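J.: These are the residues of each chain, in order.
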Amino acid sequence: MTEIHTEPSSTGHVSLGKYVVGFALAMILTLVSFGIAIAGVTPKYIAVIGLVIAAVLQILVHLHYFLHLDRSKDNMWNMVSIVFTALIVLVFIAGTVWVIFTLNSRLM
Amino acid sequence: MSSAVHAPAAGGHEAGGHGAENKLFGFWIYLMSDLIIFAILFATFAVMSGNFAGGPGPKQLFEVPYLFLETLFLLVSSVTYGLAVISMQSGKQKAVLFRLAITFLLGLGFVVMELMEFAHLIEEGFGPDKSAYLSSFFTLVGTHGFHVSCGLLWMLFMIIQVVRKGLTAGVRSRLMRLSLFWHFLDIVWVGVFTFVYLVGLL
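So the protein lines, in turn, are chains A and B.
Just so we're aligned, residue 111 is where the first sequence starts under this note's numbering, counting upward by one.
Just so we're aligned, residue 2 is where the second sequence starts under this note's numbering, counting upward by one.
With the rest of the complex left out, here is chain B:
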């Protein structure tokens, strides 16, 4: 039972087994299209990244320790989500809930830090209207942050579903798709912290 839905050997025979596989692959295709969106935003940022319009550049705006903490939140949350999947495979509902809750809090920490950074920038008068550089910065980083926020909302619903329904085939299938989404967002963040922040700080 514990591994029936997602174990390749037994998966096909279980009710919903093939459906779950197809949904997972379909979701993968969605992630690929999402990657295209981010590619366009990265390309736009690359073009705009020198156009400060007399406003501040990355060196005046960002601090390495703050960025590092933000990055750490997201990276560790990726791992704790993986741990939740491991618990899910052995059917340990309480462990799944606990690990999802930790993941949720880490993700929330990331989003809160990003919102604080945005609020600080806007307060200082360095909002998206200040320069082309800042417009593309807010669009790219904001789009990523919006994705993470959607992931958090999804995670909240999954926590509720695990509590109310238990680890049913449907719930497991959804948890696996959220797993893809969450890990995928961490990959996009690698691109963001490297090219938007660190290259700018050189």
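Excised from the complex, chain A in its bound form:
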């Protein structure tokens, strides 16, 4: 049912290998993010897009390798709730930014 997302259901154990791979990927993505920030990539929007992609990938890496979230049946409700929450988060942040920044330009 709401089986533990902190364990892969196939073995019932968190494995060392998974953490090592997760750490390596997270580390690489962190370095990429910091690299983009100090490399002075131009134009700026390209750098922002790069940072967003690296952040999203790193969040997915953390969810998969550290929180052991996957599409197995045991994880279904964890998955449903986080997808729903991600939608809400997107609406809050993107919606706020959209409304406020178009408001600014209309008032000018």
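Just so you know, the hints here were simulated from the structure itself, not pulled from any lab data.
Quick caveat, the model's predicted, so the values are computed rather than measured.
Please note that a few of the clues may not be correct.
Here are the computed lysine-lysine pairs in the DSS-like style, where the Cα-Cα straight-line distance is at most 25 Å [claimed, not checked]: (1) K24/B <-> K166/B; (2) K93/B <-> K128/A; (3) K60/B <-> K128/A; (4) K24/B <-> K93/B; (5) K24/B <-> K131/B; (6) K95/B <-> K166/B; (7) K154/A <-> K24/B; (8) K128/A <-> K183/A; (9) K60/B <-> K166/B; (10) K183/A <-> K24/B.
Starting from the structure of chain A, add chain B where the hints point.
T.: Just chain B now, with coordinates in the frame of chain A:
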């Protein structure tokens, strides 16, 4: 015994097995609601991020190496917590304690660095009262830091519980929830160091 509580195959039959699963899922739901709090703070920060009120912006305030070290502390602590969970599954109490202690110290390093940064900013006169940008910065980063501090306190209690009670079903169940909390905070930090610090430094 070692894997009874959390192994799906045997978990349901063990005393507290179902309870532990339900508690873990309930805690997951709490984390989702916590995510909403952070979403609101991120949205607020996004709106305020250009309002410096004549005060300093991110380029004058932050340094990349300092931020990188802070990030490293939290990332490595996530991994060492994972190692503690692995030891817990094989019932190695001493290894659990050792790895929890390492995790605690790394987390403490993160919080201390953040507090030093805050103290430095306030000393320079760039406190939360300086501009809307700094207000939202302190609120967002401070809320995350407060969560990490609560996690540290929780970890301290768990270390004491492991020493006094051993790796009982209850202690394991709590360690698994703290695991979720700790990894979750690292995910929020990915958002913070990317959007608050690095995007600001571009």
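J.: Would the hint linking K183/A and K24/B be met if the CA-CA limit is 25 Å?
T.: Holds - the C-alpha atoms of K24/B and K183/A are around 18 Å apart, at most 25 Å.
J.: Under the criterion that the straight-line Cα-Cα distance not exceed 25 Å, is the pair K24/B, K131/B satisfied?
T.: At roughly 43 Å apart (the allowed maximum being 25 Å), K131/B and K24/B break the hint.
J.: Could you grab the alpha-carbon distance between K93/B and K128/A and see if it respects the 25 Å cut-off?
T.: The given pair, whose Cα atoms are some 20 Å apart, holds under the 25 Å limit.
J.: Need the status of pair K154/A, K24/B: alpha-carbon distance at most 25 Å?
T.: 45 Å, violated
J.: For the pair supplied as a hint, K95/B and K166/B, confirm whether the alpha-carbon distance does not exceed 25 Å.
T.: With a Cα-Cα distance of about 13 Å, the restraint between K95/B and K166/B holds, given a limit of 25 Å.
J.: Between the alpha carbons of K60/B and K128/A, is the straight-line distance 25 Å or under?
T.: Not OK: K60/B and K128/A at ~37 Å, beyond 25 Å, violated.
J.: Between the alpha carbons of K24/B and K166/B, is the straight-line distance 25 Å or under?
T.: 20 Å, holds
J.: Verify the proposed pairing of K128/A with K183/A, using a straight-line Cα cut of 25 Å.
T.: 20 Å, holds
J.: Taking 25 Å as the top limit, are the C-alpha atoms of K24/B and K93/B close enough?
T.: 24 Å, holds
J.: Keeping to a limit of 25 Å between CA atoms, is the pair of K60/B and K166/B held or broken?
T.: Violated, at roughly 50 Å.
The earlier numbered hints that this structure contradicts are 3, 5, 7, 9.
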